[in-house]
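In order, the protein sequences belong to chains A and B.
Just so you know, we're using this note's numbering here: the first sequence kicks off at 1 and counts up by one.
Just so you know, we're using this note's numbering here: the second sequence kicks off at 1 and counts up by one.
Because the hints were derived from the structure by calculation, they are not lab data.
For glycine and all other residues, C-beta sits at the position ideal for the given N, C-alpha and C.
Hints may contain errors.
From the structure, some residues in chain B lie toward chain A, with a derived Cβ separation under 10 angstroms [said to hold, decoys possible]:
#  : residue
1  : 2
2  : 4
3  : 139
4  : 140
5  : 146
6  : 150
7  : 172
8  : 173
9  : 188
10 : 220
11 : 223
12 : 224
Here is what each chain is made of, one letter per residue.
Protein chains: 2
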Amino acid sequence: MHVHVAFTPDELAAAPTGVVIDVIRATSTICQALAAGYERVLCAAEVEDARALSGLGGVTLGGERLGLRIEGFDLGNSPREYLSVRTPTLAMSTTNGTRAIVTAAERCERVVIASLLNLAAVIEAARDHGDDVAIFCAGVKGSFALDDSYVAGRIVAELGDDRSDAAEAAARLAASYPTALEAFRASRSGRNLINHGSELEADIPYCARESVLDVVPRLTGMQGVAAEIRA
Amino acid sequence: MHVHVAFTPDELAAAPTGVVIDVIRATSTICQALAAGYERVLCAAEVEDARALSGLGGVTLGGERLGLRIEGFDLGNSPREYLSVRTPTLAMSTTNGTRAIVTAAERCERVVIASLLNLAAVIEAARDHGDDVAIFCAGVKGSFALDDSYVAGRIVAELGDDRSDAAEAAARLAASYPTALEAFRASRSGRNLINHGSELEADIPYCARESVLDVVPRLTGMQGVAAEIRA
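Please take these sequences and the hints and turn them into a complete structure.
So this is what it looks like as structure tokens:
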């Protein structure tokens, strides 16, 4: 199978299987929430769109702006807040992640959500489909993100040698770090958490744990402007 | 100084000093032509725009489509065709390179043209300016290109540790290859030349020579839709 990586959502990329990564922290949180038992996650880019989803009933509101919980929301964007289930539905506002998911949905037959937490499960799912793979890094405000690209490289490394230039570069980038933790701490997203203090900094080692969740979140459709994701 | 790399022309990037790379082969050819004594190079994206420039008089027409010399043009896009001067002006049609140069011009106070051939000269020029640097990789049809990103990483490695995520990734990518030749041969642009046969393949080691030209091509303005570059 051919494997390609789009380092930013603006890049053209298409394949039957799309993999979306926003590892610090949206896709780590989505994996954790679904593994904990939420039935579905609805991802909206805008705060007001997420807030409006609470009208559906049985909805927990989660998300962040500038690293902090949004006013009036139940929870922030730390995966450690999603270890137990509060309601059937989690509605999240996540700008970069939602954009990458919607971009992938337009260009792929199926879209799966990846983090390090479910690394092995995502690789197995991609192999089972057997089709070409395009990995979409959410990035930060349209720019290249080291943390997402690291995870992309880890996936590429397990999916064979038929790689685009970007996939080869991602694999080499990932191999240049001795641990995920080191890559995440060096990334802009990681440094933002560190600058917010020890409570948010603790999310970095949490997100850097590998293959601890046997879950493959999949995009099941759009609910208005929100992407619906289920395990 | 802060250093950033835009792996594709669509990425947002801005800095006082812009550096443009389309190493296989447009910017290598521009460096070679100016070092040989051409007074200026006019880069146009479209073939017809380059052809129209021949009306200026004293113009050599150069460029390629799919690796081959354009019909009616004097020369192709091999830097080895530009070892001696034919006319004061070289008008080139180069799609990816022109796009990257024009993008950089919109976002930077000054734009310099880089290849491996003039690596040391470009690094020295960036240091002399002392301002923040944005490196623009031309890529291939809007996608990430391994060869351009390799050269970007080589420049980043010499410009200090204040790096964006993308700059850090480029430096690590470059460091993962023992030689430029290996990186260029592995790239899509390099493989395209290899697939065209030994005559074009010979451009790869030619472009992989480091710091052999003491020239810093600079964007001096636009001539209609063409970017004017002088040493």
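Worksheet item: Okay, which hints does this one fail, numbers in order?
Response: Hints 1, 10, 11, 12 are the ones this structure does not satisfy, whereas the remaining hints hold.
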